[in-house]
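Taken in order, these protein sequences are the chains called A and B. Residue 159 in numbering that gives the first Met the number 0 sits at position 160 of the first sequence; the count goes up by one each step and never skips. Residue 145 in numbering that gives the first Met the number 0 sits at position 146 of the second sequence; the count goes up by one each step and never skips.
Any given hint could be a false lead.
What follows is a list of derived Cβ distance ranges for each label pair [to be verified]:
{"no.": "1", "chain 1": "A", "residue 1": "Met353", "chain 2": "B", "residue 2": "Glu99", "range": "19 to 27 Å"}
{"no.": "2", "chain 1": "A", "residue 1": "Ala306", "chain 2": "B", "residue 2": "Glu45", "range": "52 to 60 Å"}
{"no.": "3", "chain 1": "B", "residue 1": "Glu99", "chain 2": "A", "residue 2": "Glu287", "range": "45 to 53 Å"}
{"no.": "4", "chain 1": "B", "residue 1": "Glu45", "chain 2": "A", "residue 2": "Pro65", "range": "55 to 63 Å"}
{"no.": "5", "chain 1": "B", "residue 1": "Asp85", "chain 2": "A", "residue 2": "Arg501", "range": "28 to 36 Å"}
Listed below are several chain A residues computed to face chain B (Cβ distance under 10 Å; list not exhaustive) [stated by the list, open to error]:
{"no.": "6", "residue": "Phe44"}
{"no.": "7", "residue": "Asp49"}
{"no.": "8", "residue": "Gly50"}
{"no.": "9", "residue": "Gly74"}
{"no.": "10", "residue": "Gln100"}
{"no.": "11", "residue": "Gly152"}
{"no.": "12", "residue": "Ala153"}
{"no.": "13", "residue": "Met181"}
{"no.": "14", "residue": "Gln207"}
{"no.": "15", "residue": "Pro212"}
{"no.": "16", "residue": "Arg234"}
{"no.": "17", "residue": "Arg235"}
{"no.": "18", "residue": "Gly276"}
{"no.": "19", "residue": "Thr343"}
Please keep in mind that the hints were generated in silico from the structure rather than gathered at the bench. The C-beta atom is built at its ideal place from N, Cα and C for all residues, glycine as well.
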Amino acid sequence: MKARIIFAMALTAGLLGWSPSPSHACGGFFCGQQPVDQTAERIVFAVNDDGTVTMIVQIAYQGSAPDFAWVLPLGAVPDVESLDVFPQAALTALDANTGPQFQWPDDLDCYGGLAFDAAGSGPPSRSDGEVTVHIRETVGPFDVAVIESRDPGALVDWLRTNGFRVTSPMEPYIRIYTEEGMKFLALRLEPGRDVSDIEPFMFTLPGQAPSIPLRITALAAEPEMGILVFILGDRRFGPANWPEVEVDSGDIVWSPYTWPLETNWTALVARSVDEAGGRGFVTEMAGEAAPYLELARASTPRDEEQARAQEALIGILDGHRYLTRLYTRLSAEEMTIDPTFRRTAGGDVERTRMLPRYVEGRDMCDVAYGGGSGVADATTPCDFASCGAGGLCRPVPAADGTVVAGCACVPGTTARTTFDPRGRAIVACQDMRMSFLNPGDREVPGATPLPDPCVGFDCGAGGACVAMNMTPTCQCADGLVAIGSLADDGSRLTSCTRPSLRVPAGFYNRRLAALPAELPGGREVYVPPPDPVLTAAGGGCAVTPSPAGASGWLVLVALGLLVARRRRNG
Amino acid sequence: MRRLPVLAVLLGVLAAGCAGGEPAAPGETWAELGTGEWEFVSLTDEQEVDLIFGSQGGYHVWASIRTEGLDPSRVMLEVETQVGDDSRPAEHSRVPVDLEVDEVTGVQQFIGWPAVLAHPGCAVDRMIRVHVTLTDRRGVVAGDECYVMPRLPDWAPPPPTCE
């Protein structure tokens, strides 16, 4: 879609492109059958004994090679000898071998006729005008620069002059990080290189507390985007300035008819983080790193790619006693604080979770629950969906007789088709304020004004198209929900339709939280005040959060926010 | 050691103190500011503490708090750091947190908040003030304050010059 044109270069923390990748890699460590969140951004931190942190960041990108640029704020200049690429296969294998495993209930009634197992196995710097160029190297397919300036304008000019595309929306974020004294790591593809050459990038910095520069990621984040963090160190790590969120295994809905076994784990994580105020990490696994190191060493690579991945994994696992795996799902409006991580006193967290037989009164083992068709179970599509903090899932009968998940969106949000962790098209509600490039804007100074991506886009009856970062989305009339699909050419389709279960009127009285005034904004959005009549009539809406209440400290829930506005920059 | 004034909103509050202070009477609300990344470490006034350099920038000291008498769920934690001579503006952070509760002693704690120094170059080897306030959903407030001296590890990059 158009989004890839717009953000083809802008991506910052690498959180861009969204083409689902193969979920399985195959000897030993590279032969996992465990499904992974194909759409998650993966980041590895190795907290070393010498006061340094090695960071490996996956770079997902869709677009043309000349447009590729990747900019990451850094606290210090990385060791030039540490700059390297890291095999994607190694990251995927680490993910597949440490992710949640789900064990069927210890209940013989659940095994009738269904007998499959869910578990798988610093050089001298030079000053270039007002910009200090600490590093300029070729690393793998990348032209790499580490630069610094106290003048954000000079820094942006240097990047553009040297062929690193910086879009207009990036400028205020660069200013914020520049004011904080940050350096910038910038990557672009060397001439003659293709986007298929892009690999995760690794580097080592001085520092003790790992952190993710998430604020700048908001520029191009998909709604409910997965972020997967691995931290290798001398003990367990957890978030320091974000809550650690726990998910009750008793809430895991699962479908016995799917292979690999489908659970609502990622949706539960998303909802739990939303309930925690939009920030939080779930510890999916924590334990000694030695078993993974041994498994990697014992694996027999089938080809050169696996051999390279094996060598890279051994290199990063060796010398670190403990591995922590943290997962979250966030939308752009929740990326307001960069998470920092610290050592914790917590114990091991097993990756295997026992599935419950009963969830909210439903028997997950009752194969006839859904009507005795022989293929139905106790789940509904909404169990596995996450519509975002501003959304409510409702089932929708599809033309082919199946039922799909649809999302109703609160005022100020719009339905965007994105991808679930399995790479399937789904819808999530996106905060309309978080659109940083809009029709008529110029992507870079002097460029042609951007066209309207909504031209010719059909949201269906009762739907209105809204351009979000140059991707068409749909605002549906009250009572309708949006469903998503993919066209034959892979473009995203979204349409409004009536759900089989009514959306409570009170749902539309929910309001977006205020955004931090100090962060750059996207478009201005008028959000009508709550309707007291609707509020009274809509008391049946179970998802409407109660406003701040007497405690008075739920400041992020904007009870008094009659008009939600963000100042638009540029 | 410098103590906060009593911060009573709904219930009586007594600060327990930077260095452990005088023991609070049974039933009274108190708070003790300490340090520690993964466990509570008591502080004495003017004690040296590690200045942590974040891998993505910024300098902070770890602030940990022990308290008693609060509703431990969704407590508003407010932390303020400032160069001790007040020559630079203070850095504030405010966030709801859940306190861990020791089931045996009833003592509540929050471990490892990164108390960021807005002007780290002005703080190294000088005294800084760290002030913490906890407010629970009933409005009960407890707090403490310490003056500590940040020390930067030899390997860490020096912070920007104090201007």
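Self-check item: Structure-inconsistent hints, enumerated in ascending order
Solution: 3, 5, 10, 11 and 12
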